[in-house]
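Participant: Each chain is listed here by its residues.
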Amino acid sequence: MNASVSADQGERRAWGWVHHLRDGGTTPWAAWLEPGTPVAPVVPGAQQLELLRRLNLTGPVSPVLADRVLGASAVGRGRPDLQLVGAAQLTRFGPRPADPSEVSANELLRVATHVLTEDLVAAGVPRRRRTPPARPWRTRYQLLGDPELVGPILAGLVARGRPPGGTGARVVVLGADLGRMLANAWTVRCFDLGARSWRAWTRRLKEQDRLPGRADVALVARQWARKVGPSNVHVVLDPAALPDLLGVRHPVELPAAPAAEVPDLGRRIARVLGLHVAGDERSALLTRRLRPWLADAPGLPLGLPAEQLDWAGKHAERIGRQIRDAGYAVHGEPDALLPGDRAMVEVPSDMATLHLALRTMLAGTPRTTSEEAE
Amino acid sequence: MSKRVLLHVGTPKTGTSYLQDVLFRNRRTLAAAGILYPADRFDGQFLAALDLMELPWGGLEEEAIGAWDRLASQVRAWDGTAIISHEILATASRGEVARALSSIGHPEVEVHVVLSVRDLVRQIPAEWQENVKHRAELSYGRFLKLIQKPSRKGRIANWFWGVQEIPDILNRWCHDLPPDRVHLVTVPPPGGPSNLLWERFSQAFGLTGLELDLEGERANPSLGVPETALVRRINRRANHAVDPARYRPLVRELLAHQTLSRRSESPRLTLPPDAYPWTQELTGAWIDEIKARGYDVIGDLGDLVGPPPKLPYADADHPDESEVADAAVDAIKALLLENARLLETEQRLSRELAQAHHDRHRLRGGVVRRLERSRTGSRLLAGYRRARARSSRSA
Chain A
546 MNASVSADQG ERRAWGWVHH LRDGGTTPWA AWLEPGTPVA PVVPGAQQLE LLRRLNLTGP
606 VSPVLADRVL GASAVGRGRP DLQLVGAAQL TRFGPRPADP SEVSANELLR VATHVLTEDL
666 VAAGVPRRRR TPPARPWRTR YQLLGDPELV GPILAGLVAR GRPPGGTGAR VVVLGADLGR
726 MLANAWTVRC FDLGARSWRA WTRRLKEQDR LPGRADVALV ARQWARKVGP SNVHVVLDPA
786 ALPDLLGVRH PVELPAAPAA EVPDLGRRIA RVLGLHVAGD ERSALLTRRL RPWLADAPGL
846 PLGLPAEQLD WAGKHAERIG RQIRDAGYAV HGEPDALLPG DRAMVEVPSD MATLHLALRT
906 MLAGTPRTTS EEAE
Chain B
20 MSKRVLLHVG TPKTGTSYLQ DVLFRNRRTL AAAGILYPAD RFDGQFLAAL DLMELPWGGL
80 EEEAIGAWDR LASQVRAWDG TAIISHEILA TASRGEVARA LSSIGHPEVE VHVVLSVRDL
140 VRQIPAEWQE NVKHRAELSY GRFLKLIQKP SRKGRIANWF WGVQEIPDIL NRWCHDLPPD
200 RVHLVTVPPP GGPSNLLWER FSQAFGLTGL ELDLEGERAN PSLGVPETAL VRRINRRANH
260 AVDPARYRPL VRELLAHQTL SRRSESPRLT LPPDAYPWTQ ELTGAWIDEI KARGYDVIGD
320 LGDLVGPPPK LPYADADHPD ESEVADAAVD AIKALLLENA RLLETEQRLS RELAQAHHDR
380 HRLRGGVVRR LERSRTGSRL LAGYRRARAR SSRSA
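Residue numbers (this note's numbering), protein chains in the order written: chain A, 546 to 919; chain B, 20 to 414.
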């Protein structure tokens, strides 16, 4: 048998596998034997085909989604679309054909990111719900600090007619375990312009020996103390103190930290989204559409890599000393700032992020976000 | 609809910046001759390539949105020859190539693919140097090992072969084009006539006989061995401390392009002698393949063999330390001068700001004095002061 006949048979076998996967099949390429007829000029790449197989293993895939996966580009820099081993024409040039089951999770994520980014753009920016009028007798406050902690609490207060600001507002700076606040600062970046990896980002902070502004509770408190005086600044390290300070009857709980894979998937999408939409729309899609879309993903939250714990601990102690010495009202123990020992993920794995991407692709974009529904 | 599209898809370091600069600056002359070079800024086609391949690139993404579709629609609307040229198109995947070709009217339109190529003997050191000028910290030896591994895993090897492996680039771009519509322009060996490459480009793009301004401004100057070693050391020491947005103007532009590239007396970066047999074997296989495919070659496939090893070999991983120190002094001088310029700018702006404050105070004083002279003015002023006090309290 000559090489071109063999390559032709291999290509027909590849098309057979394409049909099998489009029909929801999960057989790995190595075990596939049936031929099929071509439906496009070139066989999709090993990355696209394997991603579809993994999707089929995760749940039922619509024909539309299957075709979108097969036609998707692998975004950003990485391996080119790989041909299937045993199906590609024998050539001495180009990357070696691959067994799709050996393609890395990171490569599959490049294709998944393309599909999810398209979904996100198609879903559009959610409509803002109407803000209720402010209650005239509300407690006047300014709630400041880590945006991941403060943002959801503020949103709840505004929805109840208790917006921040007003004459004589009490300044409340909310802090938590510094490990969590650093993870939150990275999360905010991931859903902004995209960020480098968690490990690289924390390593750089340590090398530069600096904290992101809003993770440094002492810095935020100092900036506001200059405006309103130290005696009007409350630093809250125990959320139980929040209801009294904010003038609400119900307990105020800190929002749950997202699964470690959520910001990791967010940063991958953020990096590519800039090639589809600009400026404000990009920002709104990431924070108001994508973030709520991924919010319920199960999984352990992100924690500081072990090699950064001592460094963060020293900063936590420094912040604790500074807020105690500055004369603010401190609610809770400064030890609450020390990086905690809660169960967490030090580095999100590509495989875990891929699983999140697969589940998200299958779920499709929710028609409404909680913001629209309320 | 275009009658003909010439698609120049690479490779990097083959005079592409100069070619694109000439095409951009002469686009009106070209249009008058029936040739469209669609770009409203010098990097317009780069943005289109980023858009086509969904490549994030140092914050340029926003400017790239929809750039390929706009380019393709201009090409489709043109009733003549259109030229598209960017070297990063060499890395496009088969799917992206199919999208690109279909968007410009293939197969109804006559599409030609042009690939300018240079010997690996010069391309390999040039690619490593380009990596170093983009913050890379890896040694030359490590780079050579990575690109020689058959698995080609990792960002460095993927990119290198994506833009340099001529038969594979042609497989991806030209698999369904007749060979006479595929044109290889070879870069002449060093030391030949300076305009020879341009003549070959002119022939490939049908520019011969046109009165074009060829005084190009854009070039990608190269560095010598001690200079490249110095930039790599700077990367290793400063990468974690300098943001990419600051690195580009300070290290790549100020130090590498404007300062260190002027040191033309230092030893040039070349291929290590022990890598020659490998590149020669590879090149031989490429030349055989290109001949067998019957493409149109403008120049000579023998150019791909490259110049012989230059001895003594100057190793960028073990450079002459006195030469590196000398380059470092030039770099420090350039940074001092830049700092002095910035300090002068800062002082000038401070003076202008102080003057503006002074003028504003004088003006306000004049208005207040004038108002205080009349009863109505005094009342107005008092009302304003009460309102201002209220607003400060509530803030």
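For the record, the hints were derived by calculation from the structure and aren't laboratory data.
Quantities reported herein were computed from a predicted structural model and do not represent experimental measurements.
The reader is advised that the hints may include incorrect statements.
As the list claims (entries may be wrong) - Result set (DMTMM-like, lysine to aspartate or glutamate): computed pairs, CA atoms no more than 20 Å apart in a straight line:
{"#": "1", "chain 1": "B", "residue 1": "LYS168", "chain 2": "A", "residue 2": "ASP644"}
{"#": "2", "chain 1": "B", "residue 1": "LYS329", "chain 2": "B", "residue 2": "GLU357"}
{"#": "3", "chain 1": "B", "residue 1": "LYS172", "chain 2": "A", "residue 2": "GLU647"}
{"#": "4", "chain 1": "B", "residue 1": "LYS168", "chain 2": "A", "residue 2": "GLU647"}
{"#": "5", "chain 1": "A", "residue 1": "LYS751", "chain 2": "B", "residue 2": "ASP262"}
What the hints assert, rightly or not - Some chain A residues close to chain B (C-beta under 8 Å, calculated; not the full set):
{"#": "6", "residue": "GLY590"}
{"#": "7", "residue": "GLY623"}
{"#": "8", "residue": "ASP626"}
{"#": "9", "residue": "VAL630"}
{"#": "10", "residue": "GLY639"}
{"#": "11", "residue": "ARG674"}
{"#": "12", "residue": "GLU752"}
{"#": "13", "residue": "HIS821"}
{"#": "14", "residue": "GLY824"}
Note that CB positions come from ideal geometry on N, CA and C, so glycine has one too.
Participant: All hints, please: hold or fail.
Facilitator: Outcome of the hint check:
no. : hint                   : result
1   : LYS168(B) to ASP644(A) : holds (18 Å)
2   : LYS329(B) to GLU357(B) : violated (36 Å)
3   : LYS172(B) to GLU647(A) : holds (13 Å)
4   : LYS168(B) to GLU647(A) : holds (18 Å)
5   : LYS751(A) to ASP262(B) : holds (15 Å)
6   : GLY590                 : holds (7 Å)
7   : GLY623                 : holds (6 Å)
8   : ASP626                 : holds (4 Å)
9   : VAL630                 : violated (13 Å)
10  : GLY639                 : holds (4 Å)
11  : ARG674                 : violated (27 Å)
12  : GLU752                 : holds (5 Å)
13  : HIS821                 : holds (6 Å)
14  : GLY824                 : holds (7 Å)
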